[in-house]
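Engineer: Sequence:
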Amino acid sequence: MSERSPAPGGLELVEALVNTLLDVKTGADSLDTPENRARFGLTEDDLSAARELRESLRATLLAHAGHPPHRPVTPLGELLAAAPLVVAVDPADGSAALAPAREGTLTARVAAAVAEALVAGTWSRFKACEAADCHWAYYDRSPGGRGRWCSMQVCGARAKMRRYRAKEA
Numbered sequence: 001m002s003e004r005s006p007a008p009g010g011l012e013l014v015e016a017l018v019n020t021l022l023d024v025k026t027g028a029d030s031l032d033t034p035e036n037r038a039r040f041g042l043t044e045d046d047l048s049a050a051r052e053l054r055e056s057l058r059a060t061l062l063a064h065a066g067h068p069p070h071r072p073v074t075p076l077g078e079l080l081a082a083a084p085l086v087v088a089v090d091p092a093d094g095s096a097a098l099a100p101a102r103e104g105t106l107t108a109r110v111a112a113a114v115a116e117a118l119v120a121g122t123w124s125r126f127k128a129c130e131a132a133d134c135h136w137a138y139y140d141r142s143p144g145g146r147g148r149w150c151s152m153q154v155c156g157a158r159a160k161m162r163r164y165r166a167k168e169a
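Just so we're aligned: the sequence shown equals residues 1 to 169 in my numbering.
These are calculated hints, taken from the structure and not from any lab test. Just so you know, not all the hints are guaranteed correct.
[Said to hold, decoys possible] Pairwise CB distance ranges (calculated):
(1) L47 - E12: 45 to 53 Å
(2) T43 - P6: 37 to 45 Å
(3) G94 - G66: 36 to 44 Å
(4) A101 - D23: 32 to 40 Å
(5) N36 - S5: 17 to 25 Å
(6) R39 - A101: 20 to 28 Å
(7) S5 - P72: 15 to 23 Å
(8) V119 - G41: 22 to 30 Å
(9) D93 - R39: 17 to 25 Å
None of the values given here were measured: they were computed from a predicted structure. Virtual Cβ for every residue (Gly too), placed ideally from N, Cα, C.
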């Protein structure tokens, strides 16, 4: 849907996961195909947990944009608590980073991406489109950090046209 460039760093994985819900109204979901599940290292048995994580992420991204959750969800913090992080120190150069205590799970990779974004100061600019029929994840690169839509050409234009028509009526 969006013409925006991908979110920075590990948030690109999170953006890709949130945007697997292709259509909010119909529920069309790219995780329904084996190929798309494989992109995230998921099996069919992992789908329920992956979808729960995806919708908790979406609710958090909506909150970043100043919008209420789209529906009741498990709080993201509760889900990420199941994937503790540790400080990993590279013995060669002494650099340190937060890394999943248990590698491999999608939740662990998302937790590491969120931690990376917190350290980089990019987490709060990661949002969900305010359009109720969209809620696509995007990284807000606007100067003031006040972006509202995944795409000004699609969702933004529709919202502005609706406001214009309501004003004219």
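Engineer: Can the suggested window of 45 to 53 Å be confirmed for the beta-carbon pair L47 and E12?
Structural biologist: violated (21 Å)
Engineer: Does the hinted range 37 to 45 Å hold for T43 and P6 at CB?
Structural biologist: violated (25 Å)
Engineer: Honestly, do S5 and P72 meet the 15 to 23 Å range at C-beta?
Structural biologist: Between S5 and P72, where Cβ atoms are some 32 Å apart, the hint is violated.
Engineer: When you take the CB atoms of D93 and R39, is the distance between them in 17 to 25 Å?
Structural biologist: Since the Cβ atoms of D93 and R39 sit about 31 Å apart, the hinted range of 17 to 25 Å is violated.
Engineer: Can you tell me whether the CB distance of A101 to D23 sits inside 32 to 40 Å?
Structural biologist: Given a distance of about 36 Å, which is inside 32 to 40 Å, the answer is holds.
Engineer: Would you say the C-beta atoms of G94 and G66 sit inside 36 to 44 Å of each other?
Structural biologist: 40 Å Cβ-Cβ, so the 36 to 44 Å window holds.
Engineer: For the pair N36 and S5, does the Cβ-Cβ distance stay inside 17 to 25 Å?
Structural biologist: Between N36 and S5, where Cβ atoms are some 21 Å apart, the hint holds.
Engineer: When you take the CB atoms of R39 and A101, is the distance between them in 20 to 28 Å?
Structural biologist: Holds - the Cβ-Cβ distance for R39 and A101, about 24 Å, lies within 20 to 28 Å.
Engineer: Given a hint of 22 to 30 Å, does the C-beta separation of V119 and G41 actually sit inside it?
Structural biologist: For V119 and G41 the Cβ distance comes to about 24 Å; the hint holds.
Of the numbered hints listed earlier, those contradicted by the structure are 1, 2, 7 and 9.
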